[in-house]
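Chemist: One line per chain: the protein sequences are A and B, in this order.
So that you can map any letter, position 37 of the first sequence is 37 in this note's numbering, and since no number is skipped, the others follow by simple counting.
For any residue, its number in this note's numbering is found by taking its place in the second sequence, counting from 1, and adding 108.
Treat the hints loosely; a few may be bogus.
[What the hints assert, rightly or not] List of simulated lysine-lysine pairs, DSS-like, C-alpha gap at most 30 Å: (1) A/K74 <-> A/K58; (2) B/K192 <-> B/K112; (3) B/K112 <-> A/K58; (4) B/K154 <-> B/K177; (5) B/K240 <-> A/K74; (6) B/K167 <-> B/K177; (7) A/K104 <-> B/K161; (8) B/K139 <-> A/K95; (9) A/K95 <-> B/K192; (10) B/K177 <-> B/K161; (11) A/K105 <-> B/K114; (12) B/K154 <-> B/K174; (13) B/K222 <-> A/K105; (14) B/K177 <-> A/K95.
Quick caveat, the hints were computed from the structure, so don't treat them as lab data.
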Amino acid sequence: MNLRRDVFQAIADPTRRAILLLVASQSLTAGAIASNFDTARPTVSKHLQILTECELLKQEQNGREVFYHINAKKMIEIADFIEPFREMWDERFNKLEAIMKNYKKNIE
Amino acid sequence: MEKKTKINAEEGRQELTITREFDLPVELLFKAYVEPEIVAQWMGTKVLKLESKIHGGYKFETTDPKGNKHGFNGTIHEFVPNQKITRTFEMENSAFAVQLEFLEFEPVTEDTSKLNMHIVYRSVELRDQMIKMGFAPGINMAHNRLQEIVNKLK
Numbered sequence: 001m002n003l004r005r006d007v008f009q010a011i012a013d014p015t016r017r018a019i020l021l022l023v024a025s026q027s028l029t030a031g032a033i034a035s036n037f038d039t040a041r042p043t044v045s046k047h048l049q050i051l052t053e054c055e056l057l058k059q060e061q062n063g064r065e066v067f068y069h070i071n072a073k074k075m076i077e078i079a080d081f082i083e084p085f086r087e088m089w090d091e092r093f094n095k096l097e098a099i100m101k102n103y104k105k106n107i108e
Numbered sequence: 109m110e111k112k113t114k115i116n117a118e119e120g121r122q123e124l125t126i127t128r129e130f131d132l133p134v135e136l137l138f139k140a141y142v143e144p145e146i147v148a149q150w151m152g153t154k155v156l157k158l159e160s161k162i163h164g165g166y167k168f169e170t171t172d173p174k175g176n177k178h179g180f181n182g183t184i185h186e187f188v189p190n191q192k193i194t195r196t197f198e199m200e201n202s203a204f205a206v207q208l209e210f211l212e213f214e215p216v217t218e219d220t221s222k223l224n225m226h227i228v229y230r231s232v233e234l235r236d237q238m239i240k241m242g243f244a245p246g247i248n249m250a251h252n253r254l255q256e257i258v259n260k261l262k
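Next up, chain A with everything else stripped away, as it sits in the complex:
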């Protein structure tokens, strides 16, 4: 799985960006986040899962509750204006590498 590309897919979704904006100001539980949206609770959970997997959000256990807070380091990293340019080249070069490995196998 290409995790790097998934980060950009994650932020391409408007609901997920709204969640990030919300959590940027304070840590919240899944329930508190869901109460801000008309979307069904399982859908919000799915968004939270994606954002957590991409490391844009972090989970923190506080007593019986799990709070979501923003991973500032990751956010700043991908908001760097050079990063998407780098991603584009990285993806291109990954493709080149995969094609040539395959090519090598075929000639051997």
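For chain A, the structure is supplied; the task is to place chain B on it using the hints.
Modeler: Only chain B this time, still in chain A's reference frame:
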């Protein structure tokens, strides 16, 4: 995880470098820049012309999701197999000026190699603009929103 592709773009300069290590012998890496059908595959473009020699020219064409065709072309100034390619790159029908690209291919071990790409733009502004548009427009929009969130964090 160490990032495989590195970009060095110093502020206020009209150039940048892109470096990448490949898990490929240098000959295979170089081949990926020379064989038209291989270039087409990894660049995701049609290769209309690719003359890999001094004073040779190349012409690529991509079709966007809306069906519009975009042409790219350039001239090859230096061509040393498995070592270097110096070429120009130009987007057709655009306001962007031609850019100069120095590509250096280096063996690291028998099975690994390194590419160093040095790109010189006409101006600092143009370089920054090219960096910003070097990815899909959808992502660009998401990215502007993202910048707002990050500004909140600062």
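Chemist: Take the hints in turn and mark each one as holding or not.
Modeler: Hints, one by one, checked against the model:
no., hint, in the structure
1, A/K74 <-> A/K58, "holds, 10 Å"
2, B/K192 <-> B/K112, "holds, 20 Å"
3, B/K112 <-> A/K58, "holds, 25 Å"
4, B/K154 <-> B/K177, "holds, 10 Å"
5, B/K240 <-> A/K74, "holds, 19 Å"
6, B/K167 <-> B/K177, "holds, 13 Å"
7, A/K104 <-> B/K161, "holds, 24 Å"
8, B/K139 <-> A/K95, "holds, 14 Å"
9, A/K95 <-> B/K192, "holds, 21 Å"
10, B/K177 <-> B/K161, "holds, 26 Å"
11, A/K105 <-> B/K114, "holds, 28 Å"
12, B/K154 <-> B/K174, "holds, 16 Å"
13, B/K222 <-> A/K105, "holds, 20 Å"
14, B/K177 <-> A/K95, "holds, 22 Å"
Of the numbered hints given earlier, the model fails none.
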